[in-house]
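Work the whole structure out from these sequences, hints included.
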Amino acid sequence: MAMLKSSPAFLLVAFAFFLCFIMSTGSYVYFQFVQQWPPTNCRVRIKRPCSNPRPLQYFTIHGLWPSNYSNPTKPSNCNGSQFNFTKVSPKMRVKLKRSWPDVESGNDTRFWEGEWNKHGTCSEGSLNQMQYFERSHEMWYSFNITEILKNASIVPHPTQTWKYSDIVAPIKTATKRTPVLRCKPDPAQNKSGPKTQLLHEVVFCYEYHALKQIDCNRTAGCWNNVDIKFQ
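15 is the number of the first residue of the sequence shown in our numbering; add one for each residue after it.
Just to be clear, a hint being listed does not mean it is correct.
Said to hold, decoys possible - Here are the simulated SDA-like pairs of lysine to any residue, each with C-alpha atoms no more than 20 Å apart in a straight line:
#1 109 / 153
#2 190 / 210
#3 177 / 153
#4 101 / 122
#5 190 / 228
#6 177 / 155
#7 186 / 229
#8 205 / 174
#9 105 / 161
#10 190 / 227
#11 111 / 128
#12 177 / 161
#13 177 / 240
#14 101 / 124
#15 61 / 199
#16 226 / 140
#17 88 / 233
#18 190 / 161
It should be emphasised that the hints constitute simulated quantities derived from the structure, not laboratory data. Note that this is a predicted model, so its numbers are computed, not measured.
Set out below in structure tokens:
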């Protein structure tokens, strides 16, 4: 029995169970606060168009995601309390309809429910449901990405392109921290023309308690050396 417990196979199985346990109970190191550009969301939804024919022209919240450096998409769908609409106060709901709307189907409550159940449950030990949404709105309100870019003459344009560093620089100057950009392939890309991508999301990173902003590590999200459109 002693030999079995120390065997590589046993250790591997034990580690796998331990990893599953950690992920299901919400072990994380930092938060990704993800904001999205609604026109890009709708531009890439070719088969299922957005419910609003004219998307909002400012960055809105996608989510607040507890994350790990080894796998930024984890943890998720943890063993926590499921979304309870009554725990989002009427006053906060009004604020969230501006900062955290469902820009695709228009069902804000369902969007909040999905984000809490998938991500919020994994940090419930630090932020209960009310705190999770309040803190997210505060993060959104603290730095207006749309205005930051506008002040740097980066505004939606049908043909102009920017480098990754062009977009990051003014945001970093304003926040004193390094963000991460995420892009989507341009569905209107001319196959014979230069390759381009659409700015989709801007990510801020926060420490474990979601109180202090920290530098983000750049992860895959935009192609290197490919110009970015902001439309």
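A quick look at each hint next to the structure:
{"no.": "1", "hint": "109 / 153", "result": "holds (13 Å)"}
{"no.": "2", "hint": "190 / 210", "result": "violated (28 Å)"}
{"no.": "3", "hint": "177 / 153", "result": "violated (26 Å)"}
{"no.": "4", "hint": "101 / 122", "result": "holds (15 Å)"}
{"no.": "5", "hint": "190 / 228", "result": "holds (9 Å)"}
{"no.": "6", "hint": "177 / 155", "result": "violated (26 Å)"}
{"no.": "7", "hint": "186 / 229", "result": "holds (9 Å)"}
{"no.": "8", "hint": "205 / 174", "result": "holds (18 Å)"}
{"no.": "9", "hint": "105 / 161", "result": "violated (25 Å)"}
{"no.": "10", "hint": "190 / 227", "result": "holds (9 Å)"}
{"no.": "11", "hint": "111 / 128", "result": "holds (15 Å)"}
{"no.": "12", "hint": "177 / 161", "result": "holds (19 Å)"}
{"no.": "13", "hint": "177 / 240", "result": "holds (7 Å)"}
{"no.": "14", "hint": "101 / 124", "result": "holds (14 Å)"}
{"no.": "15", "hint": "61 / 199", "result": "holds (15 Å)"}
{"no.": "16", "hint": "226 / 140", "result": "holds (14 Å)"}
{"no.": "17", "hint": "88 / 233", "result": "holds (14 Å)"}
{"no.": "18", "hint": "190 / 161", "result": "holds (16 Å)"}
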